[in-house]
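K.L.:
What follows is the residue order along each chain.
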Amino acid sequence: MSDISTTPRYVVTTHTTASRIAATGAVILFLVLVMVPFFAGRGLIQDLFFILTMLVLAQFWNLLAGYGGLVSIGQQAFVGMGAYAMFGGVILAGMDPIPAILLGGVAAFLVAIPTAFFAFRLQGPYFAIGTWVIAEVMRLIMAQVKALGGGTGTSLPRSATREMWATEWIAGMLDVRNSAARDILTYWLALLLAAATIAGIYWLLRSKRGLALSAVRDNPEAAKSVGVDAGRMKWLVFLTSAFGTGLAGALIYVQKARISPDAAFSVTDWTAYVLFIVIIGGIGTIEGPIIGVIIFFLLQALLADYGTWYLFTLGIIGIVVMLFAPRGVWGLISDKTGIQLFPVRRRLSGGTLGEE
Amino acid sequence: MSILSLKTVSKSFGSLKVTDDVSFEVPEGQALGIIGPNGAGKSTLFNLITGNLTADAGTIRFQDQDVTRVPAMQRCFAGVGRSFQIPQPFDHLTVFENLLVAASHGRALDEHEVEADCARILEQTELLPVANKPAGGLSLLQRKRLEMARALATDPKLLLLDEIAGGLTDAECVALIDTIRSVHARGVTIIWIEHVLHALTSVVERLLVLDFGKIIGIGDPEDIMSRPEVKEIYLGIEV
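In the order they appear, the protein sequences are chains A and B. Take the first sequence: its position 294, counting from 1, is numbered 294 in our numbering, and each next residue is one higher. Take the second sequence: its position 167, counting from 1, is numbered 167 in our numbering, and each next residue is one higher.
Please note: incorrect hints may appear among the correct ones.
As the list claims (entries may be wrong) - Looking from chain B toward chain A, a few residues come up when the C-beta cut is under 7 Å (computed):
#1 T50
#2 H92
#3 E229
As the list claims (entries may be wrong) - Calculated pairs, DSS-like style, for lysine-lysine (alpha carbon to alpha carbon, straight line, at most 30 Å):
#4 B:K17 <-> A:K208
#5 B:K214 <-> A:K336
#6 B:K214 <-> B:K17
#7 A:K208 <-> B:K157
Calculated from the structure, these hints are not laboratory results. Heads up, the beta-carbon is just placed ideally off N, CA and C, and yes, glycines get one too.
Produce the complete structure using the sequences and hints provided.
P.N.:
Shown next, in the form of structure tokens:
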């Protein structure tokens, strides 16, 4: 053993040159995206809204499955509950749809508590199936709520959408119609939610809890033996992810302004597509879902007219990526170039190691 | 004063009793070796001490506190560190991060407070050259070293080593023994399960023999190894 008092001090770094450039790029991109409604048409804003909300759902599923090891296929439960809570707030309590989005997040958080209580008793594939079953139960329950349209669903009252917070101000400022102003408002909120989600997850992963989360995913028994509260970590990611997914669900349905149980609790729309995005992009990285959502959007734009063939193609691409690039497109890029835009690795240098 | 005491501890899996009425004490600062044939219940005994398994009956006391029902995480906080028989690294974390998670959570400190200590343990266990490599890609010796390094990172008062020398070459074994000796010299109590008897007896001061979940002897290593019943169990194994 060498005497470390005579050797240079050890240094731990997480940032890389690429990450510093990426951080500057992300701020510029965010500002450009904020400005988009000033020069772009309604079609582009709706497309960006779709990309951003899917990105939020993908980041939260990635947090759950890629970092927490909790492979849920019941995320539609929280999209649906978030959306229905927002509708409930507007239709039953007379709230404005914008603050009612928060109600969506809270409702998803609350239903996640009993969901986790039951689902955490299941392991691996049983957990996955269990979460799906719970989501189906929620769909069936919401279909019984006549005040929110029962099985056929309902729409947001015209008065609520017309008088929605800030729409009149946006309509005046950008000289657009009320319906276009609503799209711009929901787009800005989606941009804010996506930025906050990425920043929040990145902050979590760089913290002591992030390390613990990776340890629990890799080996729960060993994690417990070194003082990690594995149970608490699972609750933390499950509830956080439910809250964020609920917010996204509520926001998506403010923009759609019409809800039905089949659509709001759709396993295809809110879980299968999300899984595809994360797997194609690269599970267990923040960059993966960003790349994945862009690929997903481009494929949808190219293949949307081909009906069943579209889904068939998505499935084939998903299988091919899982077989030949299990770490996704970002995994390939990162392996080839060594670039990490959101590095979470703690690199040791200095001391007897020298500069790495 | 004993740091660990087990009183009539039992554990069964279905109808199979794997720990049968086990009682012993370990004085603070001692190195105790545990031997016994495969399936004797050695690793189960470790799991009961660390809290990865809960005893069906009996009492386990650590530093005069009853920890029989205390979960593994809390026992780690109290000062129980362990290595696993089959190395269980956090594959996707680097070697340094494996230690960081153990040191920061096991001691309930911030990461920056334990970084220097983790680097020191990496030096001590000769893992520094692979500090920034993902643990999933390590060799067997490196994995065994990581098991011990990660346990040391939690700053244990009692270190449980489970077949840490198994599968190593003689030279690797000698290096590992040196490391264990230096840890023991710092006053850390050690309980070591091992089949490589020359390695074990070069470190431990007392030996416990387990067979079918029961203690069949405990005491001075030379005395224990000369007993006929121990020789019979170890027939065919070079002593």
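K.L.:
So which of the earlier hints does this model not fit?
P.N.:
3, 4, 5
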